[in-house]
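Two chains, two frames, a set of hints: combine them into the complex.
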Amino acid sequence: MKASQDFPAPRSLNQRLREFAEPGQLSGPLVHVRFLRNVTTESIDPFLTYHLGNRGLRVQVSHGDYDAMETEIFSGIVTTPGEPNVIVTALGLDRLRWGEGKGGFDGDAAFDYLAGWWERILETEGLVLAIHTFLPAWDSLGAEDPELLTLNGRIREWSATRSRVILTDFDALARNVGLANAREPRFWYLFQAPYQEAFLNAWAISLAAAIGHRLGKSKKLLLLDCDNTLWGGVVGEDGLEGIKLDEGTYPGRAWFDFQNQVCELVRRGVLVGLISKNNEADVFEVFDQHPAMRLKREHLAGWRINWENKADNIRALAEELNLGLDSIVFIDDSPHECELVGGFLPMVDVLPLPVDPWEITSVLGTYNGFPLRQASGEDARRTEMYREESRRRNAQSQFGSHEDYLRSLDLRVTVRLAGPEDLGRVTQLTQRTNQFNLATNRYQEEEIGRLLDSGDSMVLLLEVADRFGDYGKVGLVIASRAGEKAEIRDFMMSCRVLGRKVETAFLGTALGLIYERWEVTETLASYVPTEKNAQTEDFYDRHGGEMTLGGGDVRKEYRFVREKPVEISGFVGTVTLA
Amino acid sequence: MKERIRVVIADVVGANPEEIPLDAHQEGVSGWNSIRHMNLVIALEKEFQVRFSDLQIAEMMSIALIEDTLLELGGK
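Which chain is which? The protein sequence lines are A and B, in order. Under the numbering used here, read the first sequence as residues -2 to 575, first letter to last. Under the numbering used here, read the second sequence as residues 969 to 1044, first letter to last.
The reader is advised that the hints may include incorrect statements.
Calculated lysine-lysine pairs in the BS3-like style (CA-CA distance at most 30 angstroms, straight line) [said to hold, decoys possible]:
1. B:K1014 - A:K529
2. B:K970 - A:K529
3. B:K1044 - B:K1014
4. A:K498 - A:K470
5. B:K970 - B:K1014
In short, the hints are calculated from the structure, not lab data. Only a predicted model underlies this, so the values are computations on that prediction, with no experimental measurement involved.
With the rest of the complex left out, here is chain B (with noise of 0.2 angstroms):
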């Protein structure tokens, strides 16, 4: 699933998946900002079909924290 969540993650900020670690924290990804966050909100919903909550989206700033949400959620 990490590998997943790091493909959507670069697709939203433009990079290759390669150079986005499966331990990345939204602080050391360059372009991980807060607009992006969003599209990544709008695209992992879409890649996974779920719906977060406000508290979550605040939340889930890496990909581990991600990964957690989703499997919280169910996450296709």
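With the rest of the complex left out, here is chain A (with noise of 0.2 angstroms):
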């Protein structure tokens, strides 16, 4: 149970998840991880199951709609009450530019908008909120606009004061795995999926950890082994004199800082002990005497310096200090002492000091176990008076309620008549579209090239922009006549807009057309169920379909009349008809 830097291998993270899931596997409470997103989030999930479950925590994850984190706060952050829930908000800053207006984008005019979304989350009681800093958007010449560097500056500042928020902070991560490692373009155009694998393990590690800090998971001991641990060379045969450790010269440097780290986590509250094969009085005389120790004897909660197995030792210690065994971390150069912990005591993390002095201080500064820091107690207090006064006036600049917000939004549908130059577009719609697809019926060139020509139908293609920008050519209508009847054969639209009434404005723009256009009084729809459409299923009855046939499982059949126009008032924005 490493919790490290380590990219787990496929082979075994799998192995473990499957552990994971067996009854009784983790006995911590379970986690409810949601994800309110504008870019697609989903492969996370077993990289975050991964690192919860080392730190024994179970855990739900669920991602939100496409783009609808705004939506969903409005309708209610859903909490489940008693158990631990964690709301993330992982968002791309290219669906964000504030200000752009302005001749560019805004950093503080964003951070504005996003800690306005922020506060109103943590008004749910109970909830953690994990965000993050920004990574430059796709478009961007590179990672130095002041501007990006204002909006991250200002929520590093936001989050540091709360007590319920979690910030991951990108910008790191992105430096630790490197940023062509980080997202992949490819990836992001083709499934709005940006980051790649290392660095959503690497986000998942920084989520696992704070949040199983919060549940009292973070490793609470350390335990040291001394020569060629604490310093180089080992004191029993080099001396007092002859062990290296330095401030200013190699090797000894890099025992003197992999001390200081050491020293860091006493500061954050960690307990360090001693577990060493050495006479007591020649590692004591170091702690004493030796000008560049760091470390000191009143850093020390305990020590077992003996020739005794190490693993009795520590259960010995641990015991002392009224500890689980869960709860260390055990440092040793020796692999011999290192697989014989870990092969007695499992659930100890142990990590083995690499050979090279340069590669020593590694261990600690990738290992994510230990408590984060906190920010000290004068500070918050203060912080907090800066926090009221931010919360004030965010909440005259917050939109007042749901429809402010769409009408903030500036959304523009267009609904027009499919042209020769779309012939490209619409088949890959009718190739793509699963989910919100009501019939499903693929098309090839051809048979759109014939529809388009023909009298009888109409091919009607939704275009939706809004003040972020434009979404292009996302839904679709095929429509035929005949006789007295019209019948709307296909609906679809990528879910990428879904969830602000433009399905709405779509079907009743698309139906009004076909009264005026072909003079019916009637239009027949019909709903297919495949694997993944369900979330159609009673989109026709939604919106005032007559269901003529069917039920259950199978197709359902509707009819459509002129008298009764489907409403679409709930829609904010303007339709147009080109």
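Now the structure itself:
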């Protein structure tokens, strides 16, 4: 159970996930994690389950509709009472660029917008909010955009003083895995999924560490070997003068830095102890007399310095300090000792120290099982005042209602007849649309071509834009006429634009156009269930269609009549018929 | 090769390989949605040491089409 930065190999990851799924394997509480997002985040699930599982925690992960954070906040965040709830806002900058009208992205305006929504999420009692700083937008010219620095700086400041907020610093994660390994333009453009597995893994570690800490799953005791771990060399052979530990020169400097890391953990409240095969007097001679020792005797919670088995020594020391073995981290340079302790005490996190001195600081530098650094009490009190003030300002600048919010989006919907230039996109929509597709007929280009030429059919395209940009051609209706009646053969939309009543506006507008152009009074439509389109099952029912046939798991037929037009008042925005 | 592809698909959608016929198409496989398709692309690229183009990613919606694409790319 190593909570290190290591990327789990797929086989061991799957193996561990299967183990965690077995009843009784994980004793900790069930953590509910919900992503509100405007990017595809589903691929983080196995990593999050893995890293929380390594901390003894079970998890249920879910993801809100694409680009629907604001809608979900308005309809009320749903939490499970009595169990830990974490809301993660997972947002790409590309859809959040504030102030472009003013000649560029405005970091302050973007921050105010985000902080307003975050404050609203925090109004729900008990939940923990996980946020992140931002990576550059895909069309940016580089990471040093001052507006991006402003945005990220304000996010760090804001989160540092809020006890229920977890911040993942995407900047730092991207630096660790490298920006090129952090995200993949191919999957961003094809699937709106910007992050690569290495990055998702690092993000999951950060979330798991923070969540684990809140639930008391952080490691509490660090046990250290001495020779070649706290200093270079063997004190019993090399003597006080001979061991390598030095602020200024290599290799002693590496152990000096390692000790600084240990001291930082002491400041965070971690207990430190020694497990060493040595003469106790030799070890304490170094502690008491070596001028470069950073770790002091008074830092130590306990020690077992003798020639006994280290696993026994660890067990005894844990008992003395009244700590569970699963709260212990053990560091030793000897692979033999590491294997022995890991074998006898599998619940202890064993971290072997690398052979090369320049590598040793990477061990604690990438380990995430210890408590995170907290803002000091004094800082927290001072910033509480700022916080009240900024909450007031945000309340004034925020939208009062969902409708205000929708109005602010400046949604523009255009419905128009498809032309020959749309042949490719129309065919593609019929081929690719799975979830919001009522009949799921697939067409070839030639068939679409014939429909475009025929007076008895109509191919309608939906185009959507809002103040963040243009979504392009995202919906399609194919209708045909037979005598006095018309039929909607196909109704489909890309999931990217759902949740703002665009689908309602599209259906209403399409029906209106059919009645008018073909002078009919009735339009038929049908829903054909597939593996993927369950979410559209009651779409026609909800829009005033009268079911004439079917029900259950089979095809359903509907009748719409001209006297009863679709109610589209819920849609906030403009509809243009082109 | 179809066998290996089937195993990769089964892994990604969380099914037993035997549940997926060798002539499976995306629409017939429960759980093979657009997100899983992306994961499938990643898994196939790892398994066969290839890199797909955007068109190939969009088109390989069945075991047969995946096999064609892999053969085209000389997948190992």
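Quick rundown of the hints versus the structure:
Among the hinted pairs, K1014 (chain B) with K529 (chain A) is consistent with the structure: their alpha-carbon atoms are about 27 angstroms apart, no more than 30 angstroms. A C-alpha spacing of about 25 angstroms is found between K970 (chain B) and K529 (chain A), which places the hinted pair at or below 30 angstroms, so the restraint holds. Under the criterion of a C-alpha separation no larger than 30 angstroms, the hint pairing K1044 (chain B) with K1014 (chain B) is consistent with the structure, at around 10 angstroms. Among the hinted pairs, K498 (chain A) with K470 (chain A) is consistent with the structure: their alpha-carbon atoms are about 16 angstroms apart, no more than 30 angstroms.
Our distance criterion of 30 angstroms between C-alpha atoms is met by K970 (chain B) and K1014 (chain B), whose separation comes to about 16 angstroms.
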